[in-house]
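Undergrad: This is what each chain is made of:
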Amino acid sequence: AQTVTQSQPEMSVQEAETVTLSCTYDTSENNYYLFWYKQPPSRQMILVIRQEAYKQQNATENRFSVNFQKAAKSFSLKISDSQLGDTAMYFCAFMKHDYDKVIFGPGTSLSVIP
Amino acid sequence: ETGVTQSPTHLIKTRGQQVTLRCSSQSGHNTVSWYQQALGQGPQFIFQYYREEENGRGNFPPRFSGLQFPNYSSELNVNALELDDSALYLCASRIGGNQETQYFGPGTRLLVL
Chain F
1 AQTVTQSQPE MSVQEAETVT LSCTYDTSEN NYYLFWYKQP PSRQMILVIR QEAYKQQNAT
61 ENRFSVNFQK AAKSFSLKIS DSQLGDTAMY FCAFMKHDYD KVIFGPGTSL SVIP
Chain D
1 ETGVTQSPTH LIKTRGQQVT LRCSSQSGHN TVSWYQQALG QGPQFIFQYY REEENGRGNF
61 PPRFSGLQFP NYSSELNVNA LELDDSALYL CASRIGGNQE TQYFGPGTRL LVL
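Which chain is which? The protein sequence lines are F and D, in order.
Quick note on numbering: the first sequence equals residues 1 to 114 in our numbering.
Quick note on numbering: the second sequence equals residues 1 to 113 in our numbering.
Each hint should be verified, as a subset may be incorrect.
Below, a sample of chain F positions facing chain D; criterion: calculated Cβ distance under 8 Å [what the hints assert, rightly or not]: (1) Ala16; (2) Glu29; (3) Asn31; (4) Tyr33; (5) Ile46; (6) Ile49; (7) Tyr54; (8) Lys55; (9) Met95; (10) Val102; (11) Ile103; (12) Gly107; (13) Val112.
Hint data in this document are derived by calculation from the structure and do not stem from the laboratory.
Even for Gly, the Cβ is constructed at its ideal location relative to N, Cα and C.
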């Protein structure tokens, strides 16, 4: 069975600084997807960034980038130039290539401090 | 906003009752998944529907059941409610069985007393 671990329950960062959120996962699959989702307080969960396991190049979306280490089963999220609107719960998630269920980690609560 | 809507937004029930939650998927999306998110935790997969058929289920008892309609909207039914069923229930839709990106609704917050 697949598992997703986020070892940082809470983090904080100064506005305009850079922060990295950690995620590790366990799977015997070779093809899969990894995601970072953001859940702002009392607002909808939205996709931040996704990575396909067969792609070696790390995904990037504007200020958000990932460091995908397939052998180490590590998938960290880097947020550059942090903004107040980045304050949210961040969930790392995994999905097998058969498009079955998405498995979420326990989340990291990120606070951006003015 | 994602275009996925859920109703009601909040609900209070008592133990032993039954509840039905509804989800309207984003236009063109034929796959809907339901998740239970307890306070302070990540979402847990309940089940998934693809073209009106259940095609995946998590570790939830049979009292959690669902439906998907021809217009791809969906319902989650929970019978014999227990206190531990109190949670935020999220639905997520995606464009097809072979597309990985899900779009989440705002959720229904259920409180069981």
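Undergrad: All the hints need checking, so say for each whether the structure fits it.
TA: Results for each hint:
no. : hint   : verdict
1   : Ala16  : violated (28 Å)
2   : Glu29  : violated (14 Å)
3   : Asn31  : violated (11 Å)
4   : Tyr33  : holds (5 Å)
5   : Ile46  : holds (7 Å)
6   : Ile49  : violated (11 Å)
7   : Tyr54  : violated (13 Å)
8   : Lys55  : violated (13 Å)
9   : Met95  : holds (6 Å)
10  : Val102 : holds (6 Å)
11  : Ile103 : holds (7 Å)
12  : Gly107 : holds (5 Å)
13  : Val112 : violated (20 Å)
Hints 1, 2, 3, 6, 7, 8, 13 from the list above are not met by this structure, while the remaining hints are.
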